[in-house]
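For chain A, the structure is supplied; the task is to place chains B, C, D and E with the ligands on it using the hints.
Protein chains in written order, with this note's numbering: chain A, 17 to 90; chain B, 127 to 513; chain C, 127 to 513; chain D, 53 to 412; chain E, 53 to 412.
Honestly, I wouldn't trust all of these hints.
[As the list claims (entries may be wrong)] In silico SDA-like cross-links for lysine to any residue, where the CA-CA straight-line distance does not exceed 20 Å:
1. B:369 <-> D:85
2. B:369 <-> D:363
3. D:410 <-> C:396
4. E:145 <-> E:127
5. E:72 <-> C:294
6. B:363 <-> B:399
7. E:77 <-> C:396
8. B:412 <-> D:83
[As the list claims (entries may be wrong)] Listed next, with one range per pair, are the computed distances between beta-carbon atoms:
9. B:262 <-> E:387: 54 to 60 Å
10. B:352 <-> D:272: 39 to 45 Å
11. D:254 <-> C:483: 33 to 39 Å
12. D:254 <-> A:69: 31 to 37 Å
13. A:69 <-> E:275: 31 to 37 Å
14. C:469 <-> D:279: 52 to 58 Å
15. C:512 <-> E:352: 54 to 60 Å
16. C:469 <-> E:263: 20 to 26 Å
17. E:98 <-> C:419: 26 to 32 Å
18. D:123 <-> B:186: 44 to 50 Å
Calculated directly from the structure, the hints in this document are not laboratory data. C-beta atoms are modelled at their ideal positions from N, C-alpha and C, and glycine is treated no differently.
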Amino acid sequence: MSNDEELKQKVIEWFQKHSKEGHTKFYMKDVVHDLCGQYEKRAIQKAMNDCTVDGTLKYWSTGSSTMFCLPENF
Amino acid sequence: MEDKTPMVDELEKGPWPSYVKELKRAAKKHDSVKDLIKVQERSFQRKMTQWKHGGIVGVKGYGGGVIGRYVQNPEEFPNVAAFHTMRVNHPSGWFYDTKALRTICDIWDKHGSGMTNFHGSTGDIILLGCTTEELQPTFDELSEHGFDLGGSGSDLRSPTACVGPGRCEWACFDTLGLIYDITKTYQMELHRPPYPYKTKIKASGCPNDCVAAIARSDFSLIGTWRDNLRIDQNAVKEYADKKFDIQRLVVAKCPTEAIELVKGKLELTHPEDCVRCMHCINLMPKAIRPGVDTGATILVGAKAPIIHGAVLSTVLIPFIKVQPPYTEIKQLWEKIMEWWDENGKTRERLAELIDRMGMPAFLKAIDVEPCPQMVNTPRANPYFFWG
Amino acid sequence: MEDKTPMVDELEKGPWPSYVKELKRAAKKHDSVKDLIKVQERSFQRKMTQWKHGGIVGVKGYGGGVIGRYVQNPEEFPNVAAFHTMRVNHPSGWFYDTKALRTICDIWDKHGSGMTNFHGSTGDIILLGCTTEELQPTFDELSEHGFDLGGSGSDLRSPTACVGPGRCEWACFDTLGLIYDITKTYQMELHRPPYPYKTKIKASGCPNDCVAAIARSDFSLIGTWRDNLRIDQNAVKEYADKKFDIQRLVVAKCPTEAIELVKGKLELTHPEDCVRCMHCINLMPKAIRPGVDTGATILVGAKAPIIHGAVLSTVLIPFIKVQPPYTEIKQLWEKIMEWWDENGKTRERLAELIDRMGMPAFLKAIDVEPCPQMVNTPRANPYFFWG
Amino acid sequence: MCPTDVGPPDFKTMLPDVIKKNYGKWKYHEILKPGVMKHVAESGDELYTVRAGSPKLVSTDFIRDLCNVADKYCDGHLRFTSRYNPEFLTPKKENVEPIIKELNKLGLPVGGTGSGPGACLSNVIHTQGWIHCHGAASDASGIVKALMDELYDYFVGKKTLPAKTRLSLACCLNMCGAIHASDVAVVGMHTRIPNIDHEKMRAMCEIPTVAASCPTKAIRRHPDPNIKSVVVDETKCMYCGNCFTVCPAMPLANAEGDGVAIFVGGKVSNARKPPMFSRVVVPHLPNNPPRWPEVVNTVKHIFEVYADNARMGERMGEWIQRVGWERFFKLTDLPFPVQLIDDFELARDTFRSTTQFKWT
Amino acid sequence: MCPTDVGPPDFKTMLPDVIKKNYGKWKYHEILKPGVMKHVAESGDELYTVRAGSPKLVSTDFIRDLCNVADKYCDGHLRFTSRYNPEFLTPKKENVEPIIKELNKLGLPVGGTGSGPGACLSNVIHTQGWIHCHGAASDASGIVKALMDELYDYFVGKKTLPAKTRLSLACCLNMCGAIHASDVAVVGMHTRIPNIDHEKMRAMCEIPTVAASCPTKAIRRHPDPNIKSVVVDETKCMYCGNCFTVCPAMPLANAEGDGVAIFVGGKVSNARKPPMFSRVVVPHLPNNPPRWPEVVNTVKHIFEVYADNARMGERMGEWIQRVGWERFFKLTDLPFPVQLIDDFELARDTFRSTTQFKWT
Ligand code: SRM
Ligand code: SRM
Ligand code: SRM
Ligand code: SRM
Ligand code: SF4
Ligand code: SF4
Ligand code: SF4
Ligand code: SF4
Ligand code: SF4
Ligand code: SF4
Ligand code: SF4
Ligand code: SF4
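Here chain A stands alone, though its shape is the one from the complex:
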């Protein structure tokens, strides 16, 4: 697995771990904050965006603020 793929995987795992009933949508910041010890901030941001292109994550927005979630929680 390339570094990129590995990071995307980590991101998805993060979402699987943190999504629970009543709390499924997260800010980019939440994820970056948790993973930034291991990875560079920009790389995490890019991985999250790449996930939305793959469809493994989805953007969720109120119009004014933007969050991410797993497709099944959309």
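Frame of chain A, contents of chains B, C, D and E with the ligands only:
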């Protein structure tokens, strides 16, 4: 469902150009707008919005640029069941050639409702009313033709500039050039919401501030000059000859008594007192001009009332030269964004964060030296830190 | 223990009257002041106070009027081991006859240190330095001679008034009469701390505010008038004849352009614009006087910085007539105290409570109608209640 | 695969030749008449601008109409101002009148220029309203049309104003358009607490997030633990809509309670006085579509009092600052309800800490 | 048994005859020279006032000295002003010079009057300092003596000021004397966190009360549960002394850290401009008894710059408001450290929301 829309129709009358007329024009081609008119009538009857909250859509890879919208009663108004808007970024200064405009119109008639806001109040072209399915095709076709989405959500919103050097003799820097450069440089930040909340950049070429940067951008650039304004005494004489009351209308209104009539001549008798408010220049554009050592003041923090009340931007950098490639400005902005991103709570704008952490902490974090120009007055309370 | 006090002695020199000289005069009669001088020298050496925190003392039946004080090193300074102050309430306007003053002096030389603050900054006579044992005898003797204690702790502090009708031509009401009446009426509140914290009342006879009521009293009365100021044109002429520059020094500085020189006459051309700032009157006391329909503006909330920063009083009642028995004023004050007492947290002054509960809630509670005079501007934020 | 992140077109490709040539080298301008300006470059070149009013909410055909005019007289170029007004730019003086004629034929007024004495009213900055927003406490396009029909003469310069006057409208207190520093602002306002949909709450919202969203801590968990929802404390709710933004189950819309507030006296430019906020002068007027007579009359009345009383060149806020708010209320005959007295975070600084005030 | 609640003596019994007669019926006044005023009543009666400077902290013998003068020339009456200055009142013009002579013989300067152009400096409002207060971060009487020795000429009118100038001093930020609206204020300031005495804490203080007293929440329970005390977070402490007020175990006094701050530009009267707060211009100067040279020089320097630059009749704060704070710092050559920028509760309103400022 009643098809008559008497209340809406009422607004076809009257001298001011009617949006209802526009709706009806679009309704001829688009069933969605037929329903939209009925929805508007319903709102008038019920005195309430007929739209549901949010509902989220976007185009591939982008986290912003689309506002999802669904009607409350899709069974009654099926053609606006999903009626999203797309925010399309504008060329700096809102300059267009008709070819580009016609292209947008054609794409939008093909994929959407044919209704627009030209423009939205941030400055985007608002394509108003799109089904979920048509979002991606609309975007694809737009981007093929050189247009791209603007911001929405927790991202950098479409930066805007006053017309500046495009037409205005007072532009103290190239507002259009700067804003275009910034827009291009930060495409990532525009399209992929990385921040705690929205953030805005606007640039006005002089203190008249024709894009209202000081009122509505977290990072506001406003043109100014460091030397003295220039006066052409011949032109002054022309104004006087035309019975323009220089004393009453100009001199008496200078906020700092910097400019005076001395034996028929208009003189900047106290150049060090001029606060470059533009008033005298505004009133006598043929006779008075800004200086030649021009640049910008950078102010930060403006925003609308949510949550702690509206804020106007406040001085951060009294003077900076504004020249391509604008490195210093961009580095400053990036530093600010980093601090905000690091410390900001969700839905907390820059000004609110500064208020919460304190201006001194902000200055320290972004490595800017304090100076008296930043404040109207020093503090009155004795509560300061040395730690 | 070294008896030399070189640093303190240094302050006997110089043109301004020396408190050190005063200390040494008292030290001749009082051992406590001998020690006090040494304590002062020690403070100068160590750059620190040599006094301990608090300690509660008082006279029988009173909760205020005495500030307990103990020295940090009683073994070194035994004569100031306990060195309390008594706050003795002053006659309104700080008027005395020498008999009364000599009586106080004699009592204080008998029971205390012979040192005083004439006066303390609230306005009391501060008898500075008393042992615990001598407090009650001092008080007893004072009260026998018609003097009583002032406030301290969570009570009404000694109310004060400017000299007003006693000597000043501008007094718009009887400051001395009102303050004496209030002081007598609220002896209970002055001596037996019933409140969440201290509270103060001050009265100035006109907007010059010579007791600084607006800066330091929770309930501030400031004289004003409802009709027009009075101008004596003959006197104006006298000023003009003496080359007094009326235009530059008076007219140009009127904050509202209400007064103008019209063909050598000084006229209140816009009486409705006069904000009664006193400026023109102050500069031309022989020619201009307040109007005759006089009374007071009541403002509330002034205080020093602890805890939320200093506050100036703000307009509550734009105009009230001030006439004995002052019923309306006293009822208003009582209502305010009741609300404060009911809702205030400990150590929360009136202004802080108003800020916490909101001015509208305060007005409602004390049943005062809102009016534009209460504010500089209406609110800018959209967050108001209807509930 | 389509390109992404192309950004907007380069504005330089959109400029008419006369601007390309004189870019950044303008010398002065004149306002020839309402809606018509002449800019002169250092080179001596001239640029004429004709500005038209637009309803902002327009069809593609409207834009094509504009394009036709631009093709005919402006070498295929036009621009829009920061307040939505289309501008037609041409170096040819002789094109000015024909452009005006064509625009009038399209039903578009020409005007909206000027800042000093004799200024026109510009177009209203406004928002979505009931046309598109879920949060709107009032409409936008409808009320703006009603307003501008009445204020039309101010736009075209038949009536003038003492100085630049910016009229703005937002359909809720989010104040899209940043209208908080306008000479006159009309703001949609709720006055009733959220009408909670407990069903939806369970399905769509996260309770801790909802509770946290309320700036006044008016939201608590529902006392009945079986109901996974919240309740709102009526005395604490200031109808701000923060809860609704994060949770669709808390709409504030209410046919009786919704309406608008009028704010007055803001400005943005740094000319003479620094920028100022607009201030609430009427806390509530009802929604009465389609013509909102109460709102239109109040705004028009304020315009008239301003025009009658301010000095030449004095912005609304500058005038009020000079004469005082007490005089403003007297002159306009507007009541002064307690809602106008600030009780939010910086309220203290709005109180009057001086005996300087006027009786009137 | 002694009477209680007798209240202060009735002031009416203390008034000299000429005042009793003309009470509330004064017509005008004149300042004849520094420290000497003449008030004229409607009746034509005249009242002469001679004002002297006092060190405020005085012995009973000092008061007896004053009584002797009053007995000799003023029928046994005198008063004190709201700034502690004794005033001698007499209807007899011929008594004025003898009073002055006697006062001078006692070492007391006559002066301190006037507000307009050519005003004298009045006496310093001040507090207890190291003479009596447990919280003092600086002395009061000592530093005031050092100041007034240098500013003496301004009191007696040998040097004059553009307008009334109120110099005030408080020995800690409680600001007894309400000096927060003075033309120049000197305020004792701690700059180190409380030095906690854990023993005393156990004996004398209630920990929850102590923790609650801190406005910045800098106080937490001691991490070691065996120590029944608290710790202070250095980054959050603003040295306000609230904790010390409720708990003697938390003194802030520190020989190195203590000193004074200088505030400038406040006023109280409503004349011309509304009342204003004083603003911090020097956040820290050291305590250097007995003559505090840094403080004295700084204050004197500010006086001189003010006298040289302000217009006639312009209070310190009015002058600064007109020329701007940036100019004040330029003219005084004082540095602008970050502590001067507000970060307390109403800080937002002190920021500059305009491009209007001066380069200097
Ligand atoms: C003696 C006096 C200073 C002086 O030398 O003149 C004084 C001395 C003290 N003041 Fe004061 N205050 C004195 C007038 C004032 C004034 C001026 C006034 O009343 O016009 C103020 C500002 C006005 C106000 O009330 O806001 C004042 C505001 C304070 C404060 C801050 C109150 C606030 O709300 O901000 C405190 C702190 C406190 O109450 O905890 C305080 C507390 C104190 C204490 C009791 C110290 C304490 O924390 O317990 C001082 C005792 C000193 C001592 O050892 O004797 N003192 N204090 C003044 C009273 C003399 C008199 O009765 O005539
Ligand atoms: C076209 C536009 C800039 C753009 O990039 O689109 C523009 C263009 C000009 N402005 Fe502006 N201003 C434009 C929006 C603004 C705004 C923002 C707004 O209105 O939302 C402001 C701030 C308004 C405020 O303070 O609230 C603005 C405040 C000014 C001022 C200062 C007026 C004052 O005295 O406060 C001037 C000076 C003047 O006109 O005397 C000015 C002057 C000018 C001049 C004369 C500059 C020039 O030499 O070209 C331009 C023609 C003005 C006219 O309409 O008479 N412009 N101008 C904007 C037209 C908007 C519209 O359609 O009405
Ligand atoms: C479309 C537009 C109004 C218009 O008709 O022109 C708009 C529409 C919305 N705005 Fe806005 N805002 C629009 C310009 C603004 C501006 C003006 C500006 O950018 O110059 C502001 C004030 C400046 C600022 O950012 O502070 C603005 C301040 C807000 C706020 C309050 C933000 C704050 O920090 O106070 C919200 C509320 C939020 O973010 O939750 C908001 C939220 C919204 C939302 C997304 C509603 C929501 O709560 O989710 C609206 C979607 C309406 C819809 O159904 O389409 N909108 N909004 C404007 C964007 C068009 C464009 O891209 O050109
Ligand atoms: C005696 C005293 C009242 C008292 O009850 O004790 C008093 C007495 C007079 N004041 Fe005062 N003021 C007295 C404290 C004040 C204060 C309070 C303070 O200084 O702490 C103020 C507010 C100061 C401020 O604004 O910060 C004050 C602001 C004024 C003013 C307004 C000055 C201005 O332009 O801002 C005047 C008018 C004038 O003098 O032109 C005034 C005028 C006067 C007049 C001329 C009134 C009169 O007709 O008798 C009196 C003689 C003034 C003089 O000294 O030249 N008095 N006056 C106070 C003397 C204090 C002292 O010993 O210096
Ligand atoms: S902000 Fe200044 S430079 Fe820009 S258009 Fe307005 S007046 Fe011209
Ligand atoms: S630009 Fe403004 S401050 Fe400067 S001289 Fe002109 S009017 Fe005065
Ligand atoms: S406040 Fe007014 S009435 Fe009282 S002494 Fe001062 S000037 Fe006279
Ligand atoms: S009292 Fe003040 S406001 Fe009234 S006329 Fe005199 S100077 Fe002007
Ligand atoms: S102002 Fe409020 S209701 Fe109107 S578009 Fe903006 S968010 Fe929606
Ligand atoms: S509308 Fe605002 S104040 Fe009311 S409950 Fe919702 S978030 Fe709280
Ligand atoms: S200012 Fe502070 S230290 Fe000085 S007397 Fe008042 S409370 Fe004590
Ligand atoms: S001095 Fe003030 S800020 Fe510091 S710990 Fe004590 S109460 Fe808190």
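To see whether the hints hold, each was checked on the structure:
1. B:369 <-> D:85: Holds, at roughly 19 Å.
2. B:369 <-> D:363: Holds, at about 18 Å.
3. D:410 <-> C:396: holds, 11 Å
4. E:145 <-> E:127: holds, 14 Å
5. E:72 <-> C:294: OK: residue 72 of chain E and residue 294 of chain C at ~13 Å, within 20 Å.
6. B:363 <-> B:399: violated, 24 Å
7. E:77 <-> C:396: violated, 28 Å
8. B:412 <-> D:83: holds, 12 Å
9. B:262 <-> E:387: 54 to 60 Å: Distance hint for residue 262 of chain B, residue 387 of chain E holds at roughly 59 Å.
10. B:352 <-> D:272: 39 to 45 Å: violated, 56 Å
11. D:254 <-> C:483: 33 to 39 Å: At 36 Å between Cβs, range holds.
12. D:254 <-> A:69: 31 to 37 Å: holds, 32 Å
13. A:69 <-> E:275: 31 to 37 Å: Cβ of residue 69 of chain A to Cβ of residue 275 of chain E: about 49 Å, so the range 31 to 37 Å is violated.
14. C:469 <-> D:279: 52 to 58 Å: violated, 33 Å
15. C:512 <-> E:352: 54 to 60 Å: holds, 57 Å
16. C:469 <-> E:263: 20 to 26 Å: 23 Å Cβ-Cβ, so the 20 to 26 Å window holds.
17. E:98 <-> C:419: 26 to 32 Å: With a Cβ separation near 28 Å, residue 98 of chain E and residue 419 of chain C satisfy 26 to 32 Å, so the hint holds.
18. D:123 <-> B:186: 44 to 50 Å: Between residue 123 of chain D and residue 186 of chain B, where Cβ atoms are some 36 Å apart, the hint is violated.
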